[in-house]
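Chains as they are written, first to last, in the UniProt record's numbering: chain A, 1 to 377; chain B, 1 to 377.
Please note: incorrect hints may appear among the correct ones.
Treat identical chains as interchangeable: a pair holds within one or across any two.
Claimed, not checked - Derived pair list, reagent style DMTMM-like, types lysine to aspartate or glutamate, alpha-carbon separation capped at 20 Å:
| no. | residue 1 | residue 2 |
| --- | --- | --- |
| 1 | Lys63 | Glu306 |
| 2 | Lys227 | Glu109 |
| 3 | Lys349 | Glu28 |
| 4 | Lys250 | Asp50 |
| 5 | Lys63 | Glu278 |
| 6 | Lys250 | Asp324 |
| 7 | Lys91 | Asp286 |
Simulated from the structure, these hints should not be mistaken for lab results.
Number of protein chains: 2
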Amino acid sequence: MLPAPHFSAFNPPRRILMGPGPSDVYPEVLAAQARPTVGHLDPLFVGMMDELKSLIQYAFQTKNEMTMAVSAPGSAGMETCFVNLVEPGEKVIVCRNGVFGERMRQNVERVGAIAVVVDNEWGTPVDPAAVEAALKANPDAKFLAFVHAETSTGALSDAKTLCALVKQYGCLSIVDAVTSLGGVELRVDEWGIDAIYSGSQKCLSCVPGLSPVSFSPAAVEKLKNRKTPVQSWFLDQSLVMAYWTSAGGKRSYHHTAPVNALYALHESLRLLAEEGLENAWKRHQDMHLVLRAGLEKLGLKFVVAEASRLPQLNAIYIPEGVDDAAVRARLLKDYNLEIGAGLGALAGKAWRIGLMGFGARRENVALCLRALEEVLN
Amino acid sequence: MLPAPHFSAFNPPRRILMGPGPSDVYPEVLAAQARPTVGHLDPLFVGMMDELKSLIQYAFQTKNEMTMAVSAPGSAGMETCFVNLVEPGEKVIVCRNGVFGERMRQNVERVGAIAVVVDNEWGTPVDPAAVEAALKANPDAKFLAFVHAETSTGALSDAKTLCALVKQYGCLSIVDAVTSLGGVELRVDEWGIDAIYSGSQKCLSCVPGLSPVSFSPAAVEKLKNRKTPVQSWFLDQSLVMAYWTSAGGKRSYHHTAPVNALYALHESLRLLAEEGLENAWKRHQDMHLVLRAGLEKLGLKFVVAEASRLPQLNAIYIPEGVDDAAVRARLLKDYNLEIGAGLGALAGKAWRIGLMGFGARRENVALCLRALEEVLN
Numbered sequence: 001m002l003p004a005p006h007f008s009a010f011n012p013p014r015r016i017l018m019g020p021g022p023s024d025v026y027p028e029v030l031a032a033q034a035r036p037t038v039g040h041l042d043p044l045f046v047g048m049m050d051e052l053k054s055l056i057q058y059a060f061q062t063k064n065e066m067t068m069a070v071s072a073p074g075s076a077g078m079e080t081c082f083v084n085l086v087e088p089g090e091k092v093i094v095c096r097n098g099v100f101g102e103r104m105r106q107n108v109e110r111v112g113a114i115a116v117v118v119d120n121e122w123g124t125p126v127d128p129a130a131v132e133a134a135l136k137a138n139p140d141a142k143f144l145a146f147v148h149a150e151t152s153t154g155a156l157s158d159a160k161t162l163c164a165l166v167k168q169y170g171c172l173s174i175v176d177a178v179t180s181l182g183g184v185e186l187r188v189d190e191w192g193i194d195a196i197y198s199g200s201q202k203c204l205s206c207v208p209g210l211s212p213v214s215f216s217p218a219a220v221e222k223l224k225n226r227k228t229p230v231q232s233w234f235l236d237q238s239l240v241m242a243y244w245t246s247a248g249g250k251r252s253y254h255h256t257a258p259v260n261a262l263y264a265l266h267e268s269l270r271l272l273a274e275e276g277l278e279n280a281w282k283r284h285q286d287m288h289l290v291l292r293a294g295l296e297k298l299g300l301k302f303v304v305a306e307a308s309r310l311p312q313l314n315a316i317y318i319p320e321g322v323d324d325a326a327v328r329a330r331l332l333k334d335y336n337l338e339i340g341a342g343l344g345a346l347a348g349k350a351w352r353i354g355l356m357g358f359g360a361r362r363e364n365v366a367l368c369l370r371a372l373e374e375v376l377n
Numbered sequence: 001m002l003p004a005p006h007f008s009a010f011n012p013p014r015r016i017l018m019g020p021g022p023s024d025v026y027p028e029v030l031a032a033q034a035r036p037t038v039g040h041l042d043p044l045f046v047g048m049m050d051e052l053k054s055l056i057q058y059a060f061q062t063k064n065e066m067t068m069a070v071s072a073p074g075s076a077g078m079e080t081c082f083v084n085l086v087e088p089g090e091k092v093i094v095c096r097n098g099v100f101g102e103r104m105r106q107n108v109e110r111v112g113a114i115a116v117v118v119d120n121e122w123g124t125p126v127d128p129a130a131v132e133a134a135l136k137a138n139p140d141a142k143f144l145a146f147v148h149a150e151t152s153t154g155a156l157s158d159a160k161t162l163c164a165l166v167k168q169y170g171c172l173s174i175v176d177a178v179t180s181l182g183g184v185e186l187r188v189d190e191w192g193i194d195a196i197y198s199g200s201q202k203c204l205s206c207v208p209g210l211s212p213v214s215f216s217p218a219a220v221e222k223l224k225n226r227k228t229p230v231q232s233w234f235l236d237q238s239l240v241m242a243y244w245t246s247a248g249g250k251r252s253y254h255h256t257a258p259v260n261a262l263y264a265l266h267e268s269l270r271l272l273a274e275e276g277l278e279n280a281w282k283r284h285q286d287m288h289l290v291l292r293a294g295l296e297k298l299g300l301k302f303v304v305a306e307a308s309r310l311p312q313l314n315a316i317y318i319p320e321g322v323d324d325a326a327v328r329a330r331l332l333k334d335y336n337l338e339i340g341a342g343l344g345a346l347a348g349k350a351w352r353i354g355l356m357g358f359g360a361r362r363e364n365v366a367l368c369l370r371a372l373e374e375v376l377n
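Chain A with its partners taken away, still in its complex shape (with noise of 0.2 Å):
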């Protein structure tokens, strides 16, 4: 036998979590995570099961049908649109102006799909008109997949605008709603979005580890025609939806629900719908302001020009001469404060700093600006 390794029980200190998420999550959270586990088709289970479908329809503001979470973290459900909805061969115009751009890409080739990307500048939103040229130029194309709130620059793009032009030329849209949802307005059903994930972990303000995802009826009705099998048996759609769907009350069997993490989401999102959801992107906004004012005094220069800027993922520059990770670590050692750093192009010449869910609220705000300002001086 292989010796048994001891180790202690692990005692995580309580962070002050201002990165690009995990955001700090709601006491009550996780409170309910830590309710005793029940079956996965334990009938109170299933119960919770519809309500947890009404909120994420809620959070969305959507009626689609097809409307649930992904037992998996935000990239397995960027990945649950992407195979269930493209087939080999088809062409994807895919947006790119941060890293989460990019991974949309990389989704695209491994469907065996081909991608178009339309190239904006890091820290800028996606071009509508740029996006307008691509899709005169590809009649072909099928879809439009673009990231709302990209959490490597912090820049919000028009999802309106954007999905309009794609109703226009007869494309299906794939949004990233991984950092937008809960934190700024979005409309699935008013902006006519087909297929749209987000992370828990962001401004829902839950533990990380769930995806939620919506498909319109339009791409229930690509995912019906396909003529090819989903690649991915765990993320197939129409497989999953039998769990997610009670006909007569009965659920089929897919994979073991995670159910402790689908109480901890049932619970963020009530809390978002008992305070409201345009309360919630007031809160977002009116923190940013306060949390912006303060940063200006210290000097400090946001990534993102103002016009899309998003509040709750504030990306500013290191200023110069200032050691990056020695900053970082002295924020979370001396504070037990996490603010993010710079990702991709931005490593190392910006730090992220999250205002999500829970986390978009004063004391935070004022413990940030003061840590910062004691650390930079």
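Once you've looked at the hints, dock chain B against the given chain A.
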């Protein structure tokens, strides 16, 4: 705006989980999971991941470097093995003696590979002679895939003998250990298993949602020499391992890890290491013998012959004239006791009584026997 739904917090009852999983979760695991969320790149969290990796290695009895937990349930662990190792056009011998062997076959087809199926009757183990015949008849086969402990029937297959055959014929083995890990003898290195996956919610008594996975050096070599990209971005081990391996104390972001679920897995494996694997195996067997004696006294008959019966999953035939659903509903309603329905070919014909992990203890066995006696009489 679509209106906000208003629901109460979900307060599940304390069930006694004696189905095919999720099993009774250790109270310590629920408590661990409720600890404060920290960042997935926090140095303290990364330290916990190093411990977690060695705990998974211990549970599997392996020194494999490529050992980690997939951030999704066991079905995704299964898919991880197939999409990383098997390339389109390759031949895989798949043993099918229940639901999960059939799921393996579907995975093989979805990667565009060729499945050669070796069928054994439901409730019987995989027959090594049939496997050897298939290996002989298919010298171009690259893999043998089989389920160590069939959750749908309760049959244990002889993994040691099967893996020796695999080696003899120059193939690689892919082994489903979802229900076996922690419940019966399993020695990855000694038996020469190449790729193995399990689930958190069976004999580990953790919350559902994670899948421990391990690849042997030969499997890693196969992955490195692929001619085609792995079709899943999310499950691509060459990307995932950059996060699960500390290179000079640094890890690269791949996806946001399910932080709290990993706390839970760390705690459940820590408890397993404290008990000791061999003690845990013995406890499962001991409790099975007590349960068996009681079930036989009630006149209930096992689906699986004694020699290949899993201690942790007891499939018994439903006595004639007994209403399957009504009995399970009464056990759940009156005793808070969950036992499992039959699955696939055994639906409506058998019950599955789980004695898994923390669930394999005297009080559970006593309750189950007494409740069955009361409900059946």
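Status of each hint after checking the structure:
1. Lys63 x Glu306: Close neither inside one copy (33 Å) nor across copies (52 Å); limit 20 Å.
2. Lys227 x Glu109: The answer is both: 18 Å in one copy and 15 Å across copies each meet 20 Å.
3. Lys349 x Glu28: For Lys349 and Glu28, neither the intra-copy (36 Å) nor the inter-copy (42 Å) Cα distance is at most 20 Å.
4. Lys250 x Asp50: For Lys250 and Asp50, only the intra-copy Cα distance (12 Å) is at most 20 Å; the inter-copy one is 41 Å.
5. Lys63 x Glu278: within (18 Å within a copy, 52 Å between copies)
6. Lys250 x Asp324: between (54 Å within a copy, 15 Å between copies)
7. Lys91 x Asp286: Neither: 41 Å inside a copy, 59 Å across copies.
Figure legend: structure checked against the earlier numbered hints; hints not met, in rising order: 1, 3, 7.
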